[in-house]
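Spelled out, the chains give:
2 protein chains.
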Amino acid sequence: MLESLLYPNTVAVIGASRSPGKVGHAVVVNLINSGYQGAIIPVNPQAGTVLGLPCYASLEAYGQPIDMAVIVVPPPAVKPALESAIRAGAKAVVVITAGFKEVGPEGAAMEQELVALCTNAGVRLMGPNCLGVLNMHHRMNATFTASQPPVGGISVISQSGALCVAILDWAVKEKLGLGKVISIGNKADLNEADFLQALAEDPDTKVIASYLENIEDGNKFLQVAEEAAGIKPVVILKVGVTQAGAKAASSHTGSLAGADMAYGAAFKRAGVIRAENFEQLFDFARAFVAQPLPQGNRVCVITNAGGPGIMAADAAETIGLRMVSPAEEIRQRLREALPVAASVGNPVDVIGDADPDRYMAAFELVQQDKTIDGIIVLVTPQNMTQPLALAQRLSAAHQGTKPVLAAFMGGEEVSSATDHLMAAGIPNYPSPERAVSALKAMCDYSAWRNRPPRIVARFGVNRRRVDRVIQWHVRSGNKQVGEVEAKEILRAYDFNILAGQIARNADEAVEIAERIGYPVVLKICSPDIIHKSDFGGVRINLANAEQVRDAFDLMMVRIQRRAPSAHLRGAFVEKMGTRGREVILGMTRDPNFGPLLMFGLGGIFVEVMKDVTFYLAPITQDEAMQMLKGTRSYALLKGARGQAPVDLEAIARALQRISQLATDYPQIMELDINPFIVGPVGMRAYVADARMSLAGIGNQDHDEVSH
Amino acid sequence: MLESLLYPNTVAVIGASRSPGKVGHAVVVNLINSGYQGAIIPVNPQAGTVLGLPCYASLEAYGQPIDMAVIVVPPPAVKPALESAIRAGAKAVVVITAGFKEVGPEGAAMEQELVALCTNAGVRLMGPNCLGVLNMHHRMNATFTASQPPVGGISVISQSGALCVAILDWAVKEKLGLGKVISIGNKADLNEADFLQALAEDPDTKVIASYLENIEDGNKFLQVAEEAAGIKPVVILKVGVTQAGAKAASSHTGSLAGADMAYGAAFKRAGVIRAENFEQLFDFARAFVAQPLPQGNRVCVITNAGGPGIMAADAAETIGLRMVSPAEEIRQRLREALPVAASVGNPVDVIGDADPDRYMAAFELVQQDKTIDGIIVLVTPQNMTQPLALAQRLSAAHQGTKPVLAAFMGGEEVSSATDHLMAAGIPNYPSPERAVSALKAMCDYSAWRNRPPRIVARFGVNRRRVDRVIQWHVRSGNKQVGEVEAKEILRAYDFNILAGQIARNADEAVEIAERIGYPVVLKICSPDIIHKSDFGGVRINLANAEQVRDAFDLMMVRIQRRAPSAHLRGAFVEKMGTRGREVILGMTRDPNFGPLLMFGLGGIFVEVMKDVTFYLAPITQDEAMQMLKGTRSYALLKGARGQAPVDLEAIARALQRISQLATDYPQIMELDINPFIVGPVGMRAYVADARMSLAGIGNQDHDEVSH
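Those sequence lines, one after another, are chains A and B. For what it's worth, our numbering labels the leading residue of the first sequence as -5, then goes sequentially. For what it's worth, our numbering labels the leading residue of the second sequence as -5, then goes sequentially.
A few of these clues could be false.
Note that the list lumps identical chains together, so a pair holds whenever it fits in one copy or between two copies.
Straight line, CA to CA, 27 Å or less: simulated DSS-like cross-link-like pairs of lysine-lysine [what the hints assert, rightly or not]:
#1 K526 to K632
#2 K604 to K623
#3 K73 to K95
#4 K632 to K604
#5 K226 to K214
#6 K200 to K214
#7 K262 to K200
#8 K364 to K226
#9 K226 to K262
#10 K200 to K169
#11 K73 to K16
#12 K200 to K226
No lab work stands behind these hints, which were simulated from the structure alone.
Whole structure, please, built from the sequences with the hints as guidance.
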């Protein structure tokens, strides 16, 4: 796939130029200097030769077929250039030229014309507004930046051309081996998903590192990314984290979800390793490209200085790696191999006067230890250290059974050692903390690779009842599904709903209460009032007819006063439920990734502490349990301080049922079960309150009465 | 202060050696190579000359007075060497030799002998087990590491000699200017506080950067650090963060307050900037040393590439800096100065083809903007960028009215530019995130510098009543102060305590209840039971005599069954309080820094969510309010979702009273008011439950019955 783009035999540069400083000049220079073995066809109406190559006035003048064209002419000339490339048989076209979608509607229209041309011709388009494409495995630099990094297994997909330039320049200095470097620009046709797929299939690419600002097609991305991550590590730096929160939403779930949560959930689902900042992107990539995956998260640190050892231990414990002591037998042998003042715990401290012999004795023992999954070697350059010799022996002794990451700290004293490590495939980091954080990324990816098979349960449900409620809302043009109808839908999905009915007056309320039995709860019913309790629309624990009657009348009077424009359908009289732990279960539909499920400990703590987890639907039983375990308040649910644990399975089942409901009914945009009441195993958990909203129906938009 | 150590005119090297590779050789080499202008006196019984310098068999043989001695002889020879140095008039001695406290009790005893010798003679001792001292301002490298960094304003205090070596080597490579580099070793005499004080007074030191594993004397450190931070920035990397948590404590406060919390509180009080990892230590130091402090936290980012701009914006918002748009007038002028495709918001995006002229136009305008407190300049090396020219013009245009930090990203293309920036005093960072994080440290320090004056209120209290309770416990040898007596103490500090009394039998319980009025609460009284509710020792809302009688009898029967060995004094009958928000107020005495106050939203959420803040006593009104605001649950207290706000002042006053109690009574080791019930302004907040523990009294240790 994308063979013509990444491995073309003939590249035409339309807009090739003889003037240094011009992009059309730089592309030809870079193609030549990169050692490209295919044919380079400069095209320019005015030029006879460019850099010694014969230049053609047009592709027609060239007259032979081409595989790929790089277009660097001004915006208005791009379309004819593209047409000529298509006529010349190009299967892929890279449009470097800027001035399209990014400058406004006119540019966007021009860009659409290019896409249409390509689609009709079955040609793939990269860009516009990009840096070009570099394939070190094909010795082809078809970009306008001259940097030529070493050849390696890390391939890059970047939504920022400028960042590509910085990355390439930096990789040269760091001697970091790169494979393909792909600047996706405006993503008019080919986008991140296409290149993820191509690089997943590319045997020369060992790790995919990507910088993204947005994702074009969430579903395709999810599918492609999960496939890619199943083959090789995919590390993504997704920026635009904080601004994204400002999403209008009426549900709790929606207001907590923000786009970044959806990206996080998508990455988790797909096994994508998320870099939190620019340095992590390559910190992680360089670990993955060179080292085997750890089988668990037990890490051992070997150091010749206490301080860096403590730094690593602090970082490891904070981040969730396990600092375990070597196995007793290994410890015994370490004691024999090391001086008395050394430490054989974790970190293993070979102390300041360790020469490479002593360091290696410790390393070989820890490497043998089957209770250790990964090793971090810390070195400060002391009198006896011989950093280069140590680096050479380390890389020679590394058996590749578990990952070894290094932090040789210092400057000139360690620079030949770190160069050697990099070349020998042991990633070196400038600080202990960064080595630890890279190892953690490896552990997380390894755990994802070893995840249990995803089996989504299907529950028997009554879809006809749900259809009826939704159709009623469609007919009445009301997007908001209030408590009564939301519960009807949930009942059809086998949720436990308490007995109850709408009363239009106090007499009816008493009649219903007598039938279902005291105590009861009274809740206002109005399509215009979503947050009932904010309006005094909930009264609990009503124990007799008189209390019901009083509560009904008072509620009607007061709400009419506070929200005179609200349409009141009456009050919902419901059996008072048993007490239990309040949790909130929710769903919001992300525009990119579809239904996003939420779990949190209920009440205002969800809003204030924001202690919630998100997962993309559909979820498995295991993932539902992960959602519970992902909250800090999980300890409470499990039973903190002698309290009885709640029925965790009941919550997990409820989440799976919501997952199925959201998958079955794309019309449901948002859903809050708040609270869902769950008690100890044996007590049947129930829905105490719920609401949903549906996708835009008709023109009428029932907004909530403003508070 | 420490003049003889840092600026000696004569340095004797006792243990000087002719053999390369020996520490006693390296020290003499380094003294010579550093260009030291004073007299170097090698001392060695066997050597005639060392590196061309006349070598003396002993200091007696030298016969003249010396200022400072560096001792590098084997451990048993250190004491006589020290004695001879003292006789020769040395005012400061550096013992590089290792093999003292760090190797066990014998070494520790030898070390104490050295300290005693020095104390008697009025001589200051640095080390033992250290790298030595380097003072670039005096051209004196009295260490055994050869690295000579450029001269600069950052002085280093390190508890790890190995780390010093790495730092020095790295500083050479990074061209980072250092002043004094002090390896404090075992801190037998001189410790971090002494050197903090010396460097605070040192006019050539602009910033103090320190690596510490522990602090010797908390009170002295607090005082000295606060004074130092009042003069210049003090950045400290304190490691050993996670292991420290394992502190045995019976109170909630104690169990939440590991040693690291105390360090955090101490740093906050003293205005010390805490580095979270090794890279931050110098990321921060190099910002402080070169740039003016910001007057606020409004930051503007100027970039020539969208991606890095978003990275910076994400980091700024996450970390708590304000990304504000330039003032309207400046935006207008930016619009005129920049092309249409540029962005004049924040980040200001001068776009990829910006040359230095355009960059500088934007920079000059943002620099003028009085609504911006700090500027971050991001650069990717594009065709038009000319990084070096840009760096030169940036440093020339910088007026020094607000801090400017840079992230020129890339490798060779930007390396001369970043070298220039470093030399010109504009700190450059390899990623936008690190620049942002350095600016945040500057903002935090600036805010501390501008803090209001600390005025600790003194409340009128009844100390005699407290004395009485404490004396009773001292006499009975009971460290645990149970609810009843703890409340007596708190009442004496004017806390609101509900009416109540201990009942020994059911009849008494009813009698008390009738007197104080229903409803009442019944709580078990036993010095052996701390967590009453875990044992079913609390019954609330008892409304009449029968309920009180039943509750009393049941409680006694059941607790005797569950905790047969517990000594039961009876039950406390207390007026049932009005409902309100439960908060927890606590104090634990840190062995280093003394009373550490805690605040958190009450109940099990404190334990599970760990949403608590700590502050060292004594605290001011302002600091007490900061403790409230520092929790995530503060929003709840302020009144989230239409709930009435609670009386924040009442909590702040309570914290100040605890602060005073803890300061007045060093015998009180731990204190929990859990819960403290607080309602809206107007309702009098009260102590619902409390306990304390006292410092070790006698031999008897009443441990809690195990659950």
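Cross-check of the supplied hints:
Within a single copy, K526 and K632 get their C-alpha atoms only as close as 30 Å, which misses the 27 Å cut-off; across copies the closest is 21 Å, which meets it. In this assembly of identical chains, K604 and K623 lie within 27 Å of each other by CA distance both inside one copy and across copies; the values are 15 Å within and 17 Å between. Taking the closest pair of Cα atoms, K73 and K95 come within 27 Å of each other only inside a single copy of the chain (14 Å); across copies the shortest separation is 79 Å, beyond that limit. For the identical chains of this complex, K632 and K604 are neighbours both inside a copy (19 Å) and across copies (17 Å), given an alpha-carbon limit of 27 Å.
For the homomeric pair K226 and K214, the shortest alpha-carbon distance inside one copy (18 Å) is at most 27 Å, but the shortest distance between copies (55 Å) is not. Taking CA atoms no more than 27 Å apart as the test, K200 paired with K214 passes inside one copy only; the shortest distance there is 22 Å, against 55 Å between copies. Proximity of K262 to K200 under the C-alpha cut-off of 27 Å is restricted to the intra-copy arrangement: shortest distance 20 Å within a copy versus 46 Å between copies. Taking the shortest alpha-carbon separations for K364 and K226, only the intra-copy value of 25 Å comes in at or below 27 Å, while the best inter-copy value is 50 Å.
For the identical chains of this complex, K226 and K262 are intra-copy neighbours only, at 15 Å inside a copy versus 45 Å across copies, given an alpha-carbon limit of 27 Å. Taking the shortest Cα distances, K200 and K169 sit within 27 Å of each other inside one copy (17 Å), while across copies they are farther apart (36 Å). Taking the closest pair of Cα atoms, K73 and K16 come within 27 Å of each other only inside a single copy of the chain (20 Å); across copies the shortest separation is 74 Å, beyond that limit. Within a single copy, K200 and K226 get their C-alpha atoms as close as 6 Å, which meets the 27 Å cut-off; across copies the closest is 49 Å, which misses it.
Going through the hint list in order, the structure satisfies each hint without exception.
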